[in-house]
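Okay, here's what each chain looks like letter by letter:
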Amino acid sequence: MSKYIRAKITENTPVNKDHTLLGCESYRLVLSPDDIPQRSLPGQFYMIGTDSSYDPLLKRPFSIFRETSSAEGGELQFLYRIKGKGTKLLKEMRKGETVNVLGPLGNGYPMPDKNLTPVLIAGGIGIASLFPLAEKLSGNIHFLYGARTKNELLMLNELKGLVKKELIISTDDGSEGEKGTVVDVLNRFLTLNPQLSTLNLLYSCGPSPMLEAVSKFAAEKGIKCYISMEESMACGVGACLGCTVKTKKGYKRVCKEGPVFPSEEIVWT
Amino acid sequence: MSKYIRAKITENTPVNKDHTLLGCESYRLVLSPDDIPQRSLPGQFYMIGTDSSYDPLLKRPFSIFRETSSAEGGELQFLYRIKGKGTKLLKEMRKGETVNVLGPLGNGYPMPDKNLTPVLIAGGIGIASLFPLAEKLSGNIHFLYGARTKNELLMLNELKGLVKKELIISTDDGSEGEKGTVVDVLNRFLTLNPQLSTLNLLYSCGPSPMLEAVSKFAAEKGIKCYISMEESMACGVGACLGCTVKTKKGYKRVCKEGPVFPSEEIVWT
Amino acid sequence: MDLTVNIRKLKLKNPVMTASGTFGYGEEYSEFVDLSKLGAIVVKGLSLKPMEGNPSPRIYETPCGMLNAIGLQNIGVKEFLKTKLPYIRKFDTKLIANIFGNTIHEYVKLSRILDDAGVDGIELNVSCPNIKKGGIFFGTDKKMLQKLLSTVRANVRNAVLITKLSPNVSYIQEFAKIAEECGSDAVSLINTIPGMAIDIKTRRPRIANITGGLSGPAIKPIAVRMVYETFRAVKIPVIGMGGIMNSSDAIEFMLAGAAAVAVGTANFVNPSATIDIIKDIESFMAENNITDVKELRGAVKI
Amino acid sequence: MDLTVNIRKLKLKNPVMTASGTFGYGEEYSEFVDLSKLGAIVVKGLSLKPMEGNPSPRIYETPCGMLNAIGLQNIGVKEFLKTKLPYIRKFDTKLIANIFGNTIHEYVKLSRILDDAGVDGIELNVSCPNIKKGGIFFGTDKKMLQKLLSTVRANVRNAVLITKLSPNVSYIQEFAKIAEECGSDAVSLINTIPGMAIDIKTRRPRIANITGGLSGPAIKPIAVRMVYETFRAVKIPVIGMGGIMNSSDAIEFMLAGAAAVAVGTANFVNPSATIDIIKDIESFMAENNITDVKELRGAVKI
Ligand SMILES: Cc1cc2nc3c(=O)[nH]c(=O)nc-3n(C[C@H](O)[C@H](O)[C@H](O)COP(=O)(O)OP(=O)(O)OC[C@H]3O[C@@H](n4cnc5c(N)ncnc54)[C@H](O)[C@@H]3O)c2cc1C
Ligand SMILES: Cc1cc2nc3c(=O)[nH]c(=O)nc-3n(C[C@H](O)[C@H](O)[C@H](O)COP(=O)(O)OP(=O)(O)OC[C@H]3O[C@@H](n4cnc5c(N)ncnc54)[C@H](O)[C@@H]3O)c2cc1C
Ligand SMILES: Cc1cc2nc3c(=O)[nH]c(=O)nc-3n(C[C@H](O)[C@H](O)[C@H](O)COP(=O)(O)O)c2cc1C
Ligand SMILES: Cc1cc2nc3c(=O)[nH]c(=O)nc-3n(C[C@H](O)[C@H](O)[C@H](O)COP(=O)(O)O)c2cc1C
Ligand code: FES
Ligand code: FES
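Residue numbers (this note's numbering), protein chains in the order written: chain F, 1 to 269; chain Y, 1 to 269; chain X, 1 to 302; chain H, 1 to 302.
So that you can see chain F by itself, here it is in the shape it has in the complex (with noise of 0.2 Å):
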């Protein structure tokens, strides 16, 4: 069951060092809703907004990074980065204020065979939805993440503490890790270890250019590969049809079958 609540903001804060670098504004909301709603998986989301103005008009997808609940109630928190309207007035959100939240929506990752070491590649604020992944895999996973520069990276020494195997970072422009995309990284690294490719599975969520080159490397070397889909939403709970990808079997609406698909079912337009 997913719910539509009103949730009290706890906190809104920048949550990368320099975080007013043009296209790295990174945020961290929290918030704690009036009533629980059922605890979600690693890769469903919620639609946040507010009633206080119909512009912006529409709710807007984040996917839950995580929850916590105790004796007083629970908690939900979300990693957004600033793109445009809707994420400016969301910043500008203070502790106190009140927004309007549904979920949790969509899918989730399909959980990995207990046997399986799976290799998460993120990209940018796909960290997001990467990470609680992680942890309920209890860190026992390789993580590539890779973003365009040092100040987009957030979360590092979470994820240092948190994954038990490789962790590689890279930047588009090598001011942090090795220099060069999340997918070059990945090529290298399952170069390095082949023995990785054949029985391992792939999880990725970045922009969409990154995911059509993951699951192209998926596909080349036959690995199972899940990927979280973007698209602009209006309802989140199937009923408008406006946020279908393209599958080999027919339109499919990432607010329902997916934002989680198995790579391969995508045709890339």
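It is possible that part of the hints are untrue.
Claimed, not checked - DMTMM-like mimics (lysine to aspartate or glutamate), calculated; alpha carbons at most 25 Å apart, straight line: (1) F:95 to Y:97; (2) Y:256 to H:141; (3) F:246 to X:282; (4) F:95 to F:113; (5) Y:246 to H:280; (6) Y:88 to H:199; (7) Y:249 to H:79; (8) X:201 to F:257; (9) Y:83 to Y:220; (10) Y:8 to H:31; (11) Y:256 to Y:113; (12) F:3 to F:257; (13) Y:83 to X:282; (14) Y:88 to F:172; (15) F:83 to H:141; (16) Y:88 to F:92; (17) Y:3 to H:92; (18) H:235 to H:92; (19) H:201 to Y:212.
Unchecked claim - Cβ-Cβ distance ranges computed for the label pairs, FRET-style: (20) X:52 to H:37: 27 to 37 Å; (21) Y:219 to X:287: 33 to 43 Å; (22) F:209 to Y:88: 40 to 50 Å.
Read the hints as simulated data drawn from the structure, not as lab findings. No residue lacks a Cβ here, since even glycine has one placed at the ideal position from N, Cα and C.
Given chain F's structure and the hints, the job is docking chains Y, X and H with the ligands onto it.
Chains Y, X and H with the ligands only, in chain F's frame:
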């Protein structure tokens, strides 16, 4: 010269005790503009808006309540009552956030002859516009101030300190001061002080039905009367012709030829 | 307090229905809305065969509104009857099927199938392209509309027949009159208004289909005006929609002349919008001593 | 960097003009805008005789937009020539007079007077009621429009002639084609869209005139679509407007096909909107290595 400037909010707080009571919620807004605009006259106004969203779209007009200037810069003060969308959003704004202000606009109250002791008649939030006139006239005035109920009355202490002649408070429900409308009070006041009728001058600001009643009263008694009119505004500078009132000389713009008009000019419809 | 309204022979428990295409087949919102509380459910537009719809992006937010070009993706009438109709029938509400075809023949066939299946109402979406005449729409061509409606009318026996008008005309009331003359039981308006947005960085349209339909609060003043004009021109009931977000908006449409209203884009903003609107109409009536919601119909004071 | 654009023989220093009725006679905004920086000033609609206009309320804010029914209040062409024209002539910008009449004859007379007085452009507002035919508008009746435009065309010699189209039609490009065929130098669009709002407490229309014209960001997607459709249908320049608030919006209109743009409601929101837009178009061009603003015209990638 009026100016269009950004101004930082330095205060935005409730001004009446039980300010949550329906229809009474009033706030004081203090702004420190980037650039000090020309000093205003009592009765002039500013258009205030934000640029965070297109809903609300238009700026809203507010009478200048107080102006201060110091070495560090000037301050503009407004008193406003919650009415609809725009004022509801305004009250949510915090210290440190910025608004856009356009002004000072309109004509303001004409100054009385030195030998006159005018009667100022404020209804409800009309106090915001007449208070600075009372100050400018150094309190050498009679002041009648009416509201629907006690909670709606603002600045009572300040008025008591300022007004040197009669200060008569009234409420429709009798919860403070005399019971009855401000026009009832005006009637009684001038009956008791017939000597004031012939030589005097009235200034009034308040809801439209009150202004109409005051105007009729002034016409009957043959007293000169200036009233500050309200109309919905778009531009505030005389360009859109949206804010007109019917006068004996055709439609006139409240934002340009007004907001203050000699009451005998207005054609009530 | 009487909240019931009649769309001719169809009695609704209250004047609030869902707008086609914004409420799926009802099921999608069943977690947030007790479907039995709704005046009626109008389902996503149905065609004879399943339709794929348009490529992405299909939606884009605009100031106080949104553009959509879903491309009438739907499961087809057969699948609808098999899986969706039985589901909705479990609830105590009326079911109105929204349909569209490329030819008059397709509309007729669809209407017959649905009428036979016992739906309560059939809403004809006449704003979709007529393939035969390439780019001419039933909804903007009076002769085509006349032909379509009289043919369909002759084939529908039980369901109430509603014509959903296109706002993309100079005088919508003229089209409403045609609907009335051809025997429509009601008209519904407005459908979305064609619009477009361009990404100045990529120089591409924001919607893959180039243009899309504008809905939401942005279009409300246009919709209210059209309902007002239509109400004065015809005697059949008018179902009003276009940017209804709350009970005040719904009441505004009723004052303009709507017998019932449909809630569209608002469902996306607030999944329980329909229920909130019904509740708040009741409160408004109580506060204003209105005992029958029908008193509001066309009661604007001119 | 070349910001100039041509509306046929009229060369503008940049593509940004003011929309009629939203900028008074220029003077009202002279405290906030260096008028010499504008591509052109389009003044409030003029009639032969001064007009009183409509009773209040004349304006009402709606979601991301506003309704207005000013009722074409204006000082009349005589007074305009005496006091307003000389004022604007002090600035280094082009002057376009927006006019309307109740009859073809009135349009002709007005155009002649203004052409003789040496205005740079005449914009015909054809969305106002034709008293003779009661409720039929030049702007929504093709035959009337044809007659009006060809008659006016024969009487204007020096000023460029611009036809301002009504959005209240099914296919605006058909009206643009008529304007082109009748010798209009350009078309401008869109005018406001008729709308209505009702106060549910008093049950009265929010605008004394009952209906008003909707403008502002709410209508932008509709306007962009119409500019796009028109640009593909005619060869004469298209002047685009409707909800332009900033340089991105202006560029969006140019990509859709506008040779120049007009800024309307935005002036109310930000009195220096026109100047900000010009500056920001320049920055956009610099950042994107665009040397000539004309490159943007119709450059949307389909
Ligand atoms: C399932 C899912 C999970 C997501 N999780 C996160 C997250 O955890 N953190 C985060 O920062 N971002 C996340 N996003 C992306 C986020 O939703 C967009 O960045 C956000 O909607 C942009 O809104 P805006 O108003 O700031 O931008 P604008 O570009 O102004 O948005 C305009 C419109 O486009 C839509 N839109 C634009 N970009 C996207 C997009 N990439 N995805 C969906 N809708 C879009 C918006 O909803 C809105 O309707 C997620 C997206 C999806 C689909
Ligand atoms: C010259 C002048 C001076 C004013 N001074 C003050 C003041 O000092 N303090 C104060 O509290 N109020 C003052 N007002 C009234 C104030 O402008 C309105 O209460 C306010 O605009 C309401 O906006 P809203 O969005 O909250 O209400 P809404 O009703 O939601 O407003 C909707 C629209 O109507 C317009 N509108 C509605 N009511 C009025 C109105 N009475 N006057 C003008 N426009 C209106 C708004 O501008 C807006 O466009 C003044 C009005 C004028 C004309
Ligand atoms: C995503 C979406 C899909 C729609 N699909 C249909 C449809 O299939 N058939 C139809 O007649 N109208 C359809 N509409 C139009 C709505 O039913 C309604 O007429 C319009 O959106 C105006 O109402 P609103 O502003 O409340 O959304 C759709 C609207 C939206 C936003
Ligand atoms: C208050 C107001 C008055 C207007 N007066 C006129 C007019 O006299 N003549 C005219 O052709 N258009 C007039 N218009 C229409 C504008 O010129 C413009 O076409 C329309 O507002 C859309 O642009 P916008 O959304 O940028 O305002 C007026 C618009 C407004 C808001
Ligand atoms: S957002 Fe509506 S179907 Fe996915
Ligand atoms: S508000 Fe525009 S003329 Fe007064």
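Has the given pair, residue 83 of chain F with residue 141 of chain H, been kept, meaning a C-alpha gap of at most 25 Å?
-> 45 Å, violated
Regarding the pair residue 88 of chain Y and residue 199 of chain H, is the alpha-carbon distance no greater than 25 Å?
-> With Cα atoms ~18 Å apart, residue 88 of chain Y and residue 199 of chain H stay inside 25 Å; holds.
Keeping to a limit of 25 Å between CA atoms, is the pair of residue 88 of chain Y and residue 172 of chain F held or broken?
-> Distance of about 46 Å is beyond 25 Å: violated.
Given hint residue 79 of chain H paired with residue 249 of chain Y - CA-CA distance at most 25 Å | Roughly 17 Å between the alpha carbons, so the hint for residue 249 of chain Y and residue 79 of chain H holds.
Holds or violated: residue 256 of chain Y to residue 113 of chain Y, with C-alpha atoms at most 25 Å apart | Satisfied, since the Cα-Cα distance of roughly 24 Å is no more than 25 Å.
Is the Cα-Cα distance between residue 201 of chain H and residue 212 of chain Y 25 Å or less?
-> Distance ~22 Å between residue 201 of chain H and residue 212 of chain Y Cα, so the pair holds.
Quickly compare the C-alpha distance for residue 3 of chain F and residue 257 of chain F to 25 Å and report which way the hint goes.
-> Between residue 3 of chain F and residue 257 of chain F the Cα gap is close to 18 Å, so the pair holds against 25 Å.
Regarding the pair residue 256 of chain Y and residue 141 of chain H, is the alpha-carbon distance no greater than 25 Å?
-> Violated, at roughly 38 Å.
Does residue 280 of chain H lie within 25 Å of residue 246 of chain Y when you go C-alpha to C-alpha?
-> Not OK: residue 246 of chain Y and residue 280 of chain H at ~41 Å, beyond 25 Å, violated.
Take a quick look at whether residue 235 of chain H and residue 92 of chain H sit within 25 Å of each other, Cα to Cα.
-> Status violated; Cα separation ~28 Å.
Verify the proposed pairing of residue 3 of chain Y with residue 92 of chain H, using a straight-line Cα cut of 25 Å.
-> With Cα atoms ~23 Å apart, residue 3 of chain Y and residue 92 of chain H stay inside 25 Å; holds.
Is residue 83 of chain Y within 25 Å of residue 282 of chain X, Cα to Cα?
-> The hint holds at about 24 Å.
Figure legend: structure checked against the earlier numbered hints; hints not met, in rising order: 2, 3, 4, 5, 8, 9, 14, 15, 18 and 20.
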